[in-house]
Amino acid sequence: MEFSYLFDLTPQLLHDAFLSILAVVTLFLVASHLLFNPVRDMLQKRRDKIREELDDAKTNQDAAAELKAEYEAKMKGADAEVEQIMADARKRALANENKIIAEAKEEAVRIRERAAKEAELEKKKAADDVKREIVSVASIMAGKVVAASIDTTVQDALVDETLKEIGDATWLS
3 MEFSYLFDLT
13 PQLLHDAFLS
23 ILAVVTLFLV
33 ASHLLFNPVR
43 DMLQKRRDKI
53 REELDDAKTN
63 QDAAAELKAE
73 YEAKMKGADA
83 EVEQIMADAR
93 KRALANENKI
103 IAEAKEEAVR
113 IRERAAKEAE
123 LEKKKAADDV
133 KREIVSVASI
143 MAGKVVAASI
153 DTTVQDALVD
163 ETLKEIGDAT
173 WLS
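First residue of the sequence shown: 3, per the working numbering; consecutive thereafter.
By construction, these hints were calculated from the structure, which means they are not laboratory data.
The model shown is predicted, which means the values in this text are computed figures rather than measured ones.
Take the hints with a grain of salt, since some may be wrong.
Straight-line alpha carbon distances no greater than 20 Å define the calculated SDA-like cross-link-like pairs of lysine to any residue that follow [claimed, not checked]:
1. Lys-166 <-> Lys-126
2. Lys-126 <-> Ile-136
3. Lys-166 <-> Arg-134
4. Lys-166 <-> Ser-138
5. Lys-76 <-> Met-88
6. Lys-146 <-> Leu-165
7. Lys-70 <-> Ala-80
8. Lys-60 <-> Ala-71
9. Lys-146 <-> Glu-163
10. Lys-166 <-> Ile-136
11. Lys-146 <-> Asp-130
12. Lys-101 <-> Glu-83
13. Lys-166 <-> Ile-142
14. Lys-146 <-> Lys-126
15. Lys-146 <-> Ile-168
Throw the hints in and build the complete structure from the sequences for me.
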């Protein structure tokens, strides 16, 4: 007798189906353990590495921002330092200028004093020359007066003659 089974489900077919399902589940568990878990671990390590690299990048970016801020502050400080150096240089230049001007004024005063002394010496020398001239004229006059006997008319004539010999320019200077 032959039984007619629903959908041709025989006990052998059910047994084979059960064993196939059991083999597939076992294969899945073994594959999961041998393949999927290492892949999951590898993916997790990769995620961790990427997260670590992102954290490092964030840290580096923060450090770069700090360095940039520090650099900008130093640049502002350098600008201020340059201005200070320029101001100091201007002050020194002004001080040197004033010193040079003062020295030039002192030198000018010394030159004027020296010129005044030289003019005074020349004046004294000219006065001495005039005195010598007068002395020589007086001695010439005395010699002529003594030689001509002391007559006032003769003396006046001798003085006039001597004055003409010396010239008017001597007495006017």
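Results for each hint:
1. For the proposed pair Lys-166 and Lys-126, the alpha carbon gap of about 25 Å is over 20 Å, so the pair is violated.
2. Pair hint Lys-126 plus Ile-136 holds up; C-alpha atoms about 15 Å apart against a cutoff of 20 Å.
3. Restraint check: the Cα-Cα separation between Lys-166 and Arg-134 comes to about 17 Å, which is no more than 20 Å; the hinted pair holds.
4. This hinted pair checks out: Lys-166 and Ser-138 have alpha carbons roughly 15 Å apart, not beyond 20 Å.
5. For a cut-off of 20 Å, the pair hint linking Lys-76 to Met-88 stands: about 18 Å separates their Cα positions.
6. Only pairs whose Cα atoms come within 20 Å are accepted, and Lys-146 paired with Leu-165 is accepted, the gap being roughly 14 Å.
7. Note on Lys-70 and Ala-80: the hinted pairing holds, with a Cα-Cα distance of about 15 Å set against a maximum of 20 Å.
8. Between Lys-60 and Ala-71 the alpha-carbon distance is near 16 Å, which keeps this suggested pair within the 20 Å criterion.
9. Between the alpha carbons of Lys-146 and Glu-163 the distance comes to roughly 11 Å, so the proposed pair stays at or under 20 Å and holds.
10. With a C-alpha separation of about 13 Å, the suggested pairing of Lys-166 with Ile-136 holds against the 20 Å cut-off.
11. With a C-alpha separation of about 24 Å, the suggested pair Lys-146 and Asp-130 falls outside the 20 Å cut-off, and the hint is violated.
12. A hinted pair counts as satisfied when its Cα atoms are at most 20 Å apart, and Lys-101 with Glu-83 does not qualify at roughly 26 Å.
13. Simply put, Lys-166 and Ile-142 have alpha-carbon atoms about 13 Å apart, close enough for the 20 Å limit, and the pair holds.
14. The straight-line distance between the Cα atoms of Lys-146 and Lys-126 is roughly 30 Å, outside the 20 Å bound, and the hint therefore fails.
15. Our distance criterion of 20 Å between C-alpha atoms is met by Lys-146 and Ile-168, whose separation comes to about 15 Å.
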